[in-house]
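Visitor: The lines below spell out each chain.
There are 6 protein chains.
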Amino acid sequence: MYPDKFYSVVEGIRTMKIRGAGRIAREAVKALKLVSENIDLEDRDKYISILRDAAKKLVDTRPTAVSLPNGLRYVLNRVLQSYESGASVEEMKSVLVESADNFIKSSLQAIKKIGKYGAGRIEDGDIIMTHCNSQSALSVIVNAYRMGKNIRVYATETRPRFQGRITVKVLNKEGIDVTMIVDSAMRYFINKVNKVVVGADAIAANGAVVNKIGTSLLALAANEARVPFMVAAETYKFSPDTLFGKLIIIEERDYREVAPESWVNKYKHLTIRNPAFDVTPPEYIDILITEIGVFSPSVFPLVVREMFGSFYSELEPWEK
Amino acid sequence: MYPDKFYSVVEGIRTMKIRGAGRIAREAVKALKLVSENIDLEDRDKYISILRDAAKKLVDTRPTAVSLPNGLRYVLNRVLQSYESGASVEEMKSVLVESADNFIKSSLQAIKKIGKYGAGRIEDGDIIMTHCNSQSALSVIVNAYRMGKNIRVYATETRPRFQGRITVKVLNKEGIDVTMIVDSAMRYFINKVNKVVVGADAIAANGAVVNKIGTSLLALAANEARVPFMVAAETYKFSPDTLFGKLIIIEERDYREVAPESWVNKYKHLTIRNPAFDVTPPEYIDILITEIGVFSPSVFPLVVREMFGSFYSELEPWEK
Amino acid sequence: MYPDKFYSVVEGIRTMKIRGAGRIAREAVKALKLVSENIDLEDRDKYISILRDAAKKLVDTRPTAVSLPNGLRYVLNRVLQSYESGASVEEMKSVLVESADNFIKSSLQAIKKIGKYGAGRIEDGDIIMTHCNSQSALSVIVNAYRMGKNIRVYATETRPRFQGRITVKVLNKEGIDVTMIVDSAMRYFINKVNKVVVGADAIAANGAVVNKIGTSLLALAANEARVPFMVAAETYKFSPDTLFGKLIIIEERDYREVAPESWVNKYKHLTIRNPAFDVTPPEYIDILITEIGVFSPSVFPLVVREMFGSFYSELEPWEK
Amino acid sequence: MYPDKFYSVVEGIRTMKIRGAGRIAREAVKALKLVSENIDLEDRDKYISILRDAAKKLVDTRPTAVSLPNGLRYVLNRVLQSYESGASVEEMKSVLVESADNFIKSSLQAIKKIGKYGAGRIEDGDIIMTHCNSQSALSVIVNAYRMGKNIRVYATETRPRFQGRITVKVLNKEGIDVTMIVDSAMRYFINKVNKVVVGADAIAANGAVVNKIGTSLLALAANEARVPFMVAAETYKFSPDTLFGKLIIIEERDYREVAPESWVNKYKHLTIRNPAFDVTPPEYIDILITEIGVFSPSVFPLVVREMFGSFYSELEPWEK
Amino acid sequence: MYPDKFYSVVEGIRTMKIRGAGRIAREAVKALKLVSENIDLEDRDKYISILRDAAKKLVDTRPTAVSLPNGLRYVLNRVLQSYESGASVEEMKSVLVESADNFIKSSLQAIKKIGKYGAGRIEDGDIIMTHCNSQSALSVIVNAYRMGKNIRVYATETRPRFQGRITVKVLNKEGIDVTMIVDSAMRYFINKVNKVVVGADAIAANGAVVNKIGTSLLALAANEARVPFMVAAETYKFSPDTLFGKLIIIEERDYREVAPESWVNKYKHLTIRNPAFDVTPPEYIDILITEIGVFSPSVFPLVVREMFGSFYSELEPWEK
Amino acid sequence: MYPDKFYSVVEGIRTMKIRGAGRIAREAVKALKLVSENIDLEDRDKYISILRDAAKKLVDTRPTAVSLPNGLRYVLNRVLQSYESGASVEEMKSVLVESADNFIKSSLQAIKKIGKYGAGRIEDGDIIMTHCNSQSALSVIVNAYRMGKNIRVYATETRPRFQGRITVKVLNKEGIDVTMIVDSAMRYFINKVNKVVVGADAIAANGAVVNKIGTSLLALAANEARVPFMVAAETYKFSPDTLFGKLIIIEERDYREVAPESWVNKYKHLTIRNPAFDVTPPEYIDILITEIGVFSPSVFPLVVREMFGSFYSELEPWEK
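Same order as they appear, the protein sequences are chains U, X, E, Y, D and H.
Our numbering puts the first residue of the first sequence at 1, with every later residue one more than the last.
Our numbering puts the first residue of the second sequence at 1, with every later residue one more than the last.
Our numbering puts the first residue of the third sequence at 1, with every later residue one more than the last.
Our numbering puts the first residue of the fourth sequence at 1, with every later residue one more than the last.
Our numbering puts the first residue of the fifth sequence at 1, with every later residue one more than the last.
Our numbering puts the first residue of the sixth sequence at 1, with every later residue one more than the last.
Worth flagging that the hints you see were computed from the coordinates, not collected in a lab.
This one's a predicted model, so the numbers in the text were calculated from it and none came from an experiment.
What you were told as hints is all true, and nothing was included just to trick you.
Pairs count within a copy or across copies, as identical chains cannot be separated in the list.
Calculated cross-link-like contacts (lysine to aspartate or glutamate; reagent style EDC-like; alpha-carbon spacing at most 16 Å): (1) K56 to E11; (2) K30 to D101; (3) K192 to D126; (4) K268 to E174; (5) K116 to E314; (6) K116 to D241; (7) K149 to D124; (8) K246 to D124; (9) K268 to D177.
All chains should be modelled from the sequences, with the hints used to inform the complete structure.
Guide: Rendered as structure tokens:
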């Protein structure tokens, strides 16, 4: 029923051959565009129905992803709007193409724009702390440096997987001085820095940010020391489900990331817990930096659901 | 001039053959006792002068130790008091023996008493978080468990040297269920526990506690979540110098504890900072548990300097 | 001039025969619909003028109500918008019918939807505190329970009128375990619960919530203990007047609710104050649960005034 | 073995014929004095041994009382000190008489002195909130009023037993204007007052105050509003056990104080919890007003255990 | 190319003959209107291009002004919208006239409306503190007074230029009692007042307020004492640049405002810093009072950029 | 009855010819010593009675001074103690001489010792803010600088009397770089400094510090920014009266210090308030630096009343 290319995208996402929040979303949107192009009929209802089925197939490949449904919401909600105002299939097709292209373009530029807007908030002489290895946070830092601002960075090593070392690598390549510390030294060094920049894995209805375990601890320490805490994230990290009461599930990873199996097996009264993320409440976040501007975390959901969701309904566009 | 045994203690402490805060202090006090026993003269001034020289020699072996000078202060201040009230050498000798024995006995029982007093504050069903591997904190936990209280423990792994694994081992031997987490997960799990117990390396004039890096971060998280934060420490951890403006120096350890040398060498813009301790302010500490009772951290200095130092003078007993 | 049924609704609301925030609003909207149906003329201005007069009559029945004017704003503002874009009377009539029906339907489903969205935020094993007897807060709790979540409830007795006992009755009927406590024991038990859910009587321009006396005290205690504090309320509880500086008046009730008259009369230096409500500031509220989704209290006014009021004018639709 | 009068005091305290924290302590001290007077022997050890047995009998009458053991500690510790310095029975007897008389005199004057010192902190025009019915708190208020200061009072009704009504009665008799409110209105009215004064049932090692349920909630509200929160209490309310880890047990009272049995019996999923007291942490208390002066709550334990307990030992004087 | 009057406005603004945030904005908008009226062609693109050039010229006169570009954004964005929907030059001209007139009218009424909305939040008997001399803050106070509310004012003298004395003058003319204090007495007197009202020079993307140096200190003191802190400001004080990362620059004024040059010259180790403004974070501001209603500071940017800027683009209307 | 010199000291203090907290206290103590030397009798009671009368005369010269009575308490309490233990007049005389000399010596060295202990807490590279012109605070700063520490200072101008300019002068003489700011810029610059040091005029029973108006505002700003706030003060600044409920009176100074009389007279609705001091609560003070060591403000009263007052009595030594 759908072009082969569509099925290969579905498979690519399901098998994680297509990876990365942005890329998944863009591939899904392109696949939907492909489906639309291949529909050759004039029945408005059928056209919508086919699109919905395709979208649903795409969404089902990764039920816990955030960016994937957001891309589809962006496109499909706009198509549905034109459908409701009585547009013909031809007209809806052109709405779909336009909104798909907009989404893809905006998504591709997101990291760059975040870097630009965020760098505006970095001042010459700033010392910045970051946690884990976030592409958008690094975009802010690197951009500021390339603008000629004299900055230095503190990077946590980020247990258990030491992603801080990747951050060190990226910054070194740019020639930016970086000091690496163990995660628990966050509070010890927080008075030596004057900005904190981190990324986000997902953003909830009240502006809370889900990010690498330890982020909320850093936010707490920054808040105590009155150091501005900034989160750099693409808008498609927003999770519209949370507007209707769904809680974001925190993934728990393999305990062997924390300690070797042989050691763990020696102790029968031992459990290891290894959550990958934690939740930073909005009151500890000074500003969200996104590709469409900077925001208070509490107003961000209002802005973003204009982009990705309809306002007064919990129904997803593929469910209507 | 002094007995051989005295010199071997001096050497033992200097070369770190004699280790452990409590043991160093007790050995130093025993050495002073030995010196006193070997003094065979009736001249009060000379007696005091010899003791002072011996004490100074002992203090000089480890200039940054805290327990060592406290043991000597405990004994020597009491001898000086009797000297000032006109006591004979004979009388001073017996004051020295008595106070040395008191110090040694109290020091030996300290961990046990701390365990007893602290366990009184643990309730059946409590879940306790601890950081690093502190003998006195574990004494509280184990004591409560042995009293039949049904408790569980969260232990941080404690980077960079993973002392949390020793804590796991000790608790497993007792049969106490323990969950190990990475350090940066402190805030994620703080709502699952209802008490925090940690140890102390040193305590300052305002009641601030110097302990393993990350302790102040845990205190901050506990404070935010209104989880009582308790510090278990022997009284000789108090640092009377701080009463007269001296700051406690935070030791910085080898960077290779944090990352392998070969990896570090790859990056010329990289520095690694590895402080061993941080400072927890008194307002985040609910109670200090010591072998002479439980205290607010802010009043602790008043109590302890009655034990170890004279009240209105910054002069050390071996300097007068 | 208006149909008899219209006058009987006006009388019913004035004499409080028609009661309950939701019902009042729906009856008023229905009455306006009736008026519209009975208008038989083509003059656009006259049509609007008659509607305005009718709306004004309805609003005047209960000058301090919140839901009543919101229902009328919802409908009338939409009609006025079509008027301004040049619609005919016929077209305006159909806008009126559609928006009236939307309002009524949404209002009727509000409690159910609030229950659904709110229940999403309740987790298995949660222990929930509530205050007074709120239909929407109970909807959240009962919904979560019916979804099979194992929950327990703490209910305050809620002096002076003991509405907590009605809450006990409702929860018992469902089979939900409930512990009743005196109001002043809120802080004592707040550490035993992990969620608080209450209702709202009115919501102000800055997101502050007016609810039963004691609510702000519970919010304060929850905030101190870092227990999430959730307010469940229908959108028509929002008070758009406050956007233009009006303060919500707190009703003071009969002193004999607090102590028997005979006892009071014995003391000539005694006054009794019996305010029915207090105001909870937005910074103590984690989330508002409404029938159109969950929100930060501070952004709620933005959302709701899109529903009920025009954006840049303080003029009520019946005043224009 | 002891005079009859001694046994009748023991019985009087046990059967609660002798009531009131102060009176119990004084009667116990008098009884000990009586015992001492009746001892007719010169053996120092026997004298002490008899006193200890008598003290133990008295302490055992009310194992959870706070004032009773404090009175006995006050007297017996002083006698033991003279015993340790080699005093004769005659001398010890006179120490006992002197310290017993001191304790009784100080205890009898306590309320008056508290009133005097506390009134110094009340300014003309002050509006004071109080909770429950505390003799010492009322002494502060009445004293200030009698000094001619123009003051007014807010009194909570204090559920479940309405002790606030007794407070109203006492203040009316003095002619002091009082406004009574329900307990949950504390925060609503806290901005109308500029001082809070309450009593204490017991005070713990860290300066925390145990008092009528709701006190900690009032302290929280006062703290939020920056209204000074003062606790008026006799020194014998201090609980020295807590210095060695004992927790103060919060008494739970009959559930029928909260709701009538017949109503409660209707609901099988209902529990009623009725704790009589709660614990106010020292950081919410500005000052303790006692008969020996005003103190920060955190330093109070230091002062008081000089009065009632020996410094470095958890052993009670009757246990040594 | 443009009418002479246009050039004289450009010159007037550049040379600061035209002063005052509101007046500058209105004159610029009028000048743009003039340009439009003088355009006599039908080419849509040329029309827009001429307007953009004119706008750019106006903006360039005062690169750091806030109100000036906001006025132009208000008008030009509306014209561009009609351009994009294919309007003719004629139609665009009429959009320009209408939006220019709207802006001018709304701007002229702003102070009055702010006074009206703000006065609604002042209660009889209120005592209000203000800082510096703000026309909009005074409008609130004077309005409340003229409505018959019995109010009093505390005014800081506002170093270094003593603008508080102008405030005293204005209030005296109205007959309002005012107490003047030195700036550093803010915290001493904050408990004597129950409201604070100040103005704003600029408002940033996160709701932070830039105002006279000392404003953030007053906000801090008000927050500590739980005194509501209100900012009265026209909507055109919002700085949309900050949405895209630009930081508001704080002007530093002549040091001779602080101390006489002759005195300063005596000291070679002396620097004087004289920043004119500081930044008050949104969490210390209870409400913003504007001519279009009252808002939480965090949501204000959302509202205002609907007025002045396009939503998803950082491009200024004169740059497109 | 007393030597002429005594009367001339009494007169000197009364007429403010003898000025400065320290000098007044020392002169009064010297005068008492003189009186003692001139007493030629063996009657113990008479000796004490004469001393008391003399002390009372001295105290009465300046009823609100703090240092004067502290000096007399220091000496007289020690004499009374020896009196109570049965000392002869000869012995009491020598106690008086010794304690008078101790007090005078300690007082003379106080500023120097404070400088020494405080400087220990200043680190190389520190930037320090100070308010007003305090000899003891400057002693800390200057001492640190002379020890070779590279430091800089921010000094407030300190309205209304510009004492900050004297601070500038003192620091310039030492060659220390100083930046002067208006008082209201405290919060703007607080993030540029890492220590605050101020003096004290008086210290109350709960550790609160009375100092130049604006000090509590600086403490608040330092607390918000987590900058350590240190108070440098001689022990005789402690006010033991406050232990028994007396409140420290805040002096209100001439309004013409704030604005010229001619300007004030123009406004009939104008009042000027000019309090000289404000009160900083102990929770905002990290440490008190005194000549006998550094302390938490809350424990300071315990230490000092051992020096100056008897423990369990509000009676002054000259009143007994």
